[in-house]
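Q: Next come the chains, spelled out residue by residue.
Number of protein chains: 2
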Amino acid sequence: MKIIVDAFGGDNSPDSVIKGAYLAAKDNIDIILTGKQSIIESKMKEFGLEPNPHITIVNAEDKILGEDEPVKAIKEKKDSSMVVGLRLLADGVGDAFVSAGNTGAVLAGATLIIRRLKGIKRAALATVIPTAKGPAILTDCGSNVVCKPEYYPQFAMMGSAYLEAVIGEKNPKVGLINIGTEETKGTETVLEAYALLKENSNINFGGNCEARDVLKGDFKVMVADGFTGNVILKVIEGVAKEFTGSMKEMFFKNIATKVSALIMKKGLKEFKKKYDYKEHGGAPILGLNKPVIKAHGSSNDYAIYKAIIQADTFAKQGVIEKIQKNI
Amino acid sequence: MKIIVDAFGGDNSPDSVIKGAYLAAKDNIDIILTGKQSIIESKMKEFGLEPNPHITIVNAEDKILGEDEPVKAIKEKKDSSMVVGLRLLADGVGDAFVSAGNTGAVLAGATLIIRRLKGIKRAALATVIPTAKGPAILTDCGSNVVCKPEYYPQFAMMGSAYLEAVIGEKNPKVGLINIGTEETKGTETVLEAYALLKENSNINFGGNCEARDVLKGDFKVMVADGFTGNVILKVIEGVAKEFTGSMKEMFFKNIATKVSALIMKKGLKEFKKKYDYKEHGGAPILGLNKPVIKAHGSSNDYAIYKAIIQADTFAKQGVIEKIQKNI
Numbered sequence: 004m005k006i007i008v009d010a011f012g013g014d015n016s017p018d019s020v021i022k023g024a025y026l027a028a029k030d031n032i033d034i035i036l037t038g039k040q041s042i043i044e045s046k047m048k049e050f051g052l053e054p055n056p057h058i059t060i061v062n063a064e065d066k067i068l069g070e071d072e073p074v075k076a077i078k079e080k081k082d083s084s085m086v087v088g089l090r091l092l093a094d095g096v097g098d099a100f101v102s103a104g105n106t107g108a109v110l111a112g113a114t115l116i117i118r119r120l121k122g123i124k125r126a127a128l129a130t131v132i133p134t135a136k137g138p139a140i141l142t143d144c145g146s147n148v149v150c151k152p153e154y155y156p157q158f159a160m161m162g163s164a165y166l167e168a169v170i171g172e173k174n175p176k177v178g179l180i181n182i183g184t185e186e187t188k189g190t191e192t193v194l195e196a197y198a199l200l201k202e203n204s205n206i207n208f209g210g211n212c213e214a215r216d217v218l219k220g221d222f223k224v225m226v227a228d229g230f231t232g233n234v235i236l237k238v239i240e241g242v243a244k245e246f247t248g249s250m251k252e253m254f255f256k257n258i259a260t261k262v263s264a265l266i267m268k269k270g271l272k273e274f275k276k277k278y279d280y281k282e283h284g285g286a287p288i289l290g291l292n293k294p295v296i297k298a299h300g301s302s303n304d305y306a307i308y309k310a311i312i313q314a315d316t317f318a319k320q321g322v323i324e325k326i327q328k329n330i
Numbered sequence: 004m005k006i007i008v009d010a011f012g013g014d015n016s017p018d019s020v021i022k023g024a025y026l027a028a029k030d031n032i033d034i035i036l037t038g039k040q041s042i043i044e045s046k047m048k049e050f051g052l053e054p055n056p057h058i059t060i061v062n063a064e065d066k067i068l069g070e071d072e073p074v075k076a077i078k079e080k081k082d083s084s085m086v087v088g089l090r091l092l093a094d095g096v097g098d099a100f101v102s103a104g105n106t107g108a109v110l111a112g113a114t115l116i117i118r119r120l121k122g123i124k125r126a127a128l129a130t131v132i133p134t135a136k137g138p139a140i141l142t143d144c145g146s147n148v149v150c151k152p153e154y155y156p157q158f159a160m161m162g163s164a165y166l167e168a169v170i171g172e173k174n175p176k177v178g179l180i181n182i183g184t185e186e187t188k189g190t191e192t193v194l195e196a197y198a199l200l201k202e203n204s205n206i207n208f209g210g211n212c213e214a215r216d217v218l219k220g221d222f223k224v225m226v227a228d229g230f231t232g233n234v235i236l237k238v239i240e241g242v243a244k245e246f247t248g249s250m251k252e253m254f255f256k257n258i259a260t261k262v263s264a265l266i267m268k269k270g271l272k273e274f275k276k277k278y279d280y281k282e283h284g285g286a287p288i289l290g291l292n293k294p295v296i297k298a299h300g301s302s303n304d305y306a307i308y309k310a311i312i313q314a315d316t317f318a319k320q321g322v323i324e325k326i327q328k329n330i
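These protein sequence lines are chains Y and D, in that order. Under the numbering used here, the first residue of the first sequence is numbered 4, with each subsequent residue one higher. Under the numbering used here, the first residue of the second sequence is numbered 4, with each subsequent residue one higher.
Errors might be hidden in some of the hints.
Pulled a few chain D residues facing chain Y out of the computed Cβ check, cut under 7 Å [as the list claims (entries may be wrong)]: (1) I182; (2) T184; (3) A214; (4) E245.
Derived by calculation from the structure, the hints in this document are not laboratory data. Every residue, glycine too, gets a C-beta built ideally from N, C-alpha and C.
So that you can see chain Y by itself, here it is in the shape it has in the complex (with noise of 0.2 Å):
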């Protein structure tokens, strides 16, 4: 397998995409950067890093910006980093692509460029959820604000086959994000999803999960519109957030709390590493015929290096086809 990483993407990049994609090359994955060759070179003589045969660079003397507008982006930069991997990955001359860029170009240059499998109404952006009971799969989250009812089934389908292949979570659990656990609450869309998803046999439906079951890992795969899962996601990371920054403050008090801390260390590493986004690679772009993952804005190296993991396992794990299967 051979991963193509677009080297100017993200808030920390190119630093933490060069240092993450030579860790991967320690466990021998096969990598092309993309990005203005001369910068990646001068920045790998910096960190001391010698040139890898596992690593590949293919110049691309553009880059897309966060703040540039996605579609147009993706049309007028044609040599920037995004599009040239993008396009390496469309030719064949990868097996996925991985990108910690702008989420918008992101998608709009998977779907231009690498297209939607034939009967997948749309493609959907799906994060890896850490919960009490080991991973789980949102999505959509963010790729579609609006959704149809029928776009629902296939969101389930794909987060389930994602979860199967990547995950090993066989026949997972599906719920449909929603204000209540009656089958009458919701909206006209959700109360038409619910009944879609219900007559749906590829599936294991399981019914509608409270937004407050998100992390209690019952549900497996969980569906919504992007919009909804968009703002689960956000508001996971803002509690994460905002507990952690709480738990330091207790523990700095004095210097019993910091004893406690010391104590405390191993149990403390454990549960932030737990809840740390960067544990769990970047998100997966279901319904495209070729994998993408979607890395973390703010991804450092080590963020960077478990995306360049997951893309090769989505890759090698046959994910596409199982999904092209249950169209």
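Following the hints, put chain D in place on chain Y, whose structure we already have.
A: The following block gives chain D in isolation, referenced to the frame of chain Y:
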């Protein structure tokens, strides 16, 4: 001020409601308990509670259940503790109403019996949220699952009036819950709501509030449609539960960590209190002719006590007059 309290609403009713009313009576608040008198009196005996001059009972033979269809229940169960309580409020026998019962029924009953203020398009459920910078308001939290753009400025105005009057926050900054900070983000409804909020001079609009910033506290009044607001509220609740659960596990691992837990006791207590919904009373329903508070369904006696105190302040501070002035 006299607060009417639905003795047969909520998972722990009537026990927690009776006990909560007695706590409030200690603060010299006059209370009318509605519900089956014989049961209330026998419960009082069971709890060793003497008749109290601050507490009156108004008999209601029936009660609305959690699974009842809201509008139907309000129309048909005329002698339920909830409907009797709302009628007492409408008739001016009391100054505010508190119920921990069926949310849909409280909303339907409030709209049908208390009625909306003239000019208010929709009543909205508002929740006080503990943030890093003090209490903030999120509204709507589930009253209107689908919203028209013109509802949002009213939600913002009502939330601002409540926060100013009850919490004492002057000219609170209003944020529109969205999936990005840019003005161009969101659904069509949200985009139109943005424009209306921006041009409204009655409020202090500060732009989009990303869901990750809800607990940060920069925005004091956050507006959303009822579906999104409800989802946010429940995610916060769920994540808080997961986190405190993980922390507990961490602290009970071995003797050393248990000693740490003892040292941290005070800090942990403060931490728990900060994010405990029971501390923050119930959710005011804004836009009605009289003050109505929906307490959390799983309220214990302390939470009921807090909701009664809140109802008392709601009635005393002239929130409704302020809203009326701004319509």
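Q: Quick one: which hint numbers does this structure break? Sort them smallest to largest.
A: 2
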